[in-house]
Amino acid sequence: MPIAAPLLLSALMFAAGVYGVLVRRHGVMLLISVELMINAANLNLITFSQLLRDPVGNILVLFIIAVTAAEVGIGIAIVMMLYRQRSTVAVDDLQLMKW
Amino acid sequence: MVSGGIRQIAYLIPILPISAFFLIVFFGKKTPGKGAPIGILFTGTAFLIGLGCFADAISRGGIVEKSVTWINFPTFHLELGIRVDGLASMMFVVVCLVSLLVQIYSLGYMHGDVRYTWYYAMLNLFTGSMLVLVIANNLVQMLVGWELVGVCSYLLIGHWFEEKENSDAAIKAFLTTRTGDLGFDVGIFVLIVGAGTANIGVLQSRVAAGSVSTLVITAGAILLFAGAVGKSAQFPLHVWLPDAMAGPTPVSALIHAATMVTAGVYMVARIYGLFSASHAALAVISVIASITMLMAAVLACVQRDIKRVLAYSTVSQLGYMMAALSVGAGVAGVFHLWTHAFFKALLFLGSGSVIHAVHSNDMHEMGGLRKYMPITYGTFIIGSLALAGVPPFAGFWSKDEIVASAYTSGHKLVFVAALITAFLTAFYMARACTLTFFGDYRRRATAGDDHAHLPHESPRSMTTPLLILAVLSVVAGFVGIPGHNVFEKWVPVGHPHEGGFVAWIAAMSILIAISGIALGWRMYRGAAFGFGVVDPLERLGPLYRAALRRFYIDDLYLAAIVRPVQYGLSNFVYKVLDQKVVDGAVNGAALATVELGKAIRTTDERGVDGVVNGFAWLTNKLSFGLRRVQTGNVQRYAVGLFVGVVIVAAVLIGGLR
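Chains as they are written, first to last, in this note's numbering: chain Z, 341 to 439; chain P, 1435 to 2091.
Just so you know, these hints were derived from the structure itself, not from any lab. Nothing here was measured: the structure is a model prediction, and the numbers come from that model. A virtual CB, placed ideally from N, CA and C, is assigned to each residue, including glycine. Heads up, a few of these hints could be off.
[Said to hold, decoys possible] Chain Z side only, calculated, beta carbon under 8 Å to chain P, not exhaustive:
no.: 1; residue: Val358
no.: 2; residue: Leu362
no.: 3; residue: Ile416
no.: 4; residue: Arg426
no.: 5; residue: Val429
no.: 6; residue: Val431
no.: 7; residue: Asp432
no.: 8; residue: Gln435
no.: 9; residue: Met437
[Claimed, not checked] Cβ-Cβ distance ranges computed for the label pairs, FRET-style:
no.: 10; chain 1: Z; residue 1: Ile399; chain 2: P; residue 2: Val2082; range: 41 to 49 Å
no.: 11; chain 1: P; residue 1: Val2063; chain 2: Z; residue 2: Ile399; range: 26 to 34 Å
no.: 12; chain 1: Z; residue 1: Phe403; chain 2: P; residue 2: Gly2059; range: 43 to 51 Å
Working from the sequences, and respecting the hints, build out all of it.
Shown next, in the form of structure tokens:
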């Protein structure tokens, strides 16, 4: 089975996610970027699960999708609370926990 | 050399009184009798052992010598030992007996004294020290006893140190005898270096064998004699003994008449083998002894203080003993030491009894005491006759032996000096007895103080020793009667000496003694002295005045030694050495300490505190810089996170490869 394509795709997705996390200021975009990185990891897991004929990778991905759903729920809730409190979701304005 | 017998335990003789000293010092005040019974008991025991030793020495003769190692140098061996022969045994008896009698006498004389217990402690320490000196078998050990008796003498002369006169006398006695002791010290060194031993027996046998150079013998003998000059109050170091009369009278009897001052004579007799080997030393001794006996006898004639008469008499008689030793009549000298100890102790204790009754030392205030103090009177007269050399009293036999020996050995100077001294001795004793015991009691007329009541006889504790000593003053000479002289067998000193008796000399010395007494009696019989009344001797004019000033010897010492030392040396020591050097050193040390303290403070404040504060400051600055890292910006943190992950990944991948 050719794995170069899925791995390349996974790498690109992860790189895009990293870029998003480091560069985008919008809180929701940050969450989306994190989601992109998680899914890149998921793709990687599925690829190797298929290559190695090992179902553990698939199972683990199912768990991750479940946990990520919960995480996104909390993340979105935080962003909404932020917006209500501060009227902004730009992360570089949120610098209360500094020296 | 003999062994066995009681002389084996002779070392107990000095140990007993010294133990008594410690017991009295530590427990005396708490025991009944305030320590006096301890002293009397211990000295009495020592006396009994001493008597046993003398008996053993008489019956068997010879020398008992025992020693243990004291100090062991690689080149020189020093022992701690005893050497008990007839001479030492005789001294045991004299020292212990006189000490015992003086201690009994002091029960009455010193009753109620402020330092009664201390007085008894010192008497015992003195007795023990004197016995250490006597028993020693080597010169270094003898020096220990020699210096100890000097210290005791100092302390006892200054017993009533509250009066400056007394403490001055004590200091004078100590310093003067120390001056002579310097010679004694050097003499011991000379002999140790030159003869290789300090042991008295070995030293004398080496001298006899001729293995010691003449120079060493002469130098050693003269230097040792310098010590005797100080201790036995010979000219020119005699000046301390009359002043030593500032001490309590029993002390004068024990220390400054019977025992300590005879230490010099004893020392010369003890190592007579050394002295008799040097003609030069003997010549020096004979000259000094002749000057001493004559000068002291003259001075004794003009004294008003009864104790000073006896003091100068002691100086004079010590000169007699030294003179005997210097003419080769060692036995005669020691014999005179033996008899003199008894009658001079008797005279001193008798004068103490008189002083106790009259409360004055001045003979011009006495007179007529014959009626009030019969026992003191009788015993004092016996002592005086013994001292004046009237037969059959003890002094006659010993004195006559010395005079005769001086004649037969051809020492004209000593012979003439001894005869003149004998006359003067008889004269001044007759003067003292007449002034004290005859005529009328003059104290009432001259002084109107509280003690003006009539004198009375002293208590039994004081008269008993007088009686015992009076008996001894009569009989002590009988052991040395010419023709039946057992004393020279008991106490062999030097070579057996012939010609200790010449009939015409004996007759002449009796005549001289009687004429001296007669002159004294005639001149002072009718004397009625009061204040301002002249002494008949004042007719002698300049000689009398010079004698009153002690022939200006004390003045000379005062001007030539004491004042320069006092104003020159002492001033220099005080103003320069003490104030500048010693104080300078002390102040300098203080200043240096302050400066050092300041320097240390600076180091502490700048250096140590600087390091500590510096670290604090550095930490502070660093943390101020470092806290900027915590910006609160999540994305910056994420950058760090990713950079870290990349580094870890790179390391892991690199590690796999």
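Taking the hints in turn, this is what the structure says about them:
1. Val358: holds, 6 Å
2. Leu362: Since chain P brings a Cβ to about 6 Å from Leu362 of chain Z, closer than 8 Å, the hint holds.
3. Ile416: Hint violated; Ile416 of chain Z Cβ to chain P Cβ min 16 Å, cut 8 Å.
4. Arg426: Not OK, violated: Arg426 of chain Z not within 8 Å of chain P, min 14 Å.
5. Val429: violated, 12 Å
6. Val431: holds, 6 Å
7. Asp432: Because about 6 Å separates Asp432 of chain Z from the closest Cβ in chain P, which is inside the 8 Å limit, the hint holds.
8. Gln435: holds, 4 Å
9. Met437: holds, 5 Å
10. Z:Ile399 with P:Val2082: 41 to 49 Å: violated, 27 Å
11. P:Val2063 with Z:Ile399: 26 to 34 Å: At 41 Å between Cβs, range violated.
12. Z:Phe403 with P:Gly2059: 43 to 51 Å: holds, 44 Å
Of the hints listed earlier, those the structure fails to meet are numbers 3, 4, 5, 10, 11, in rising order.
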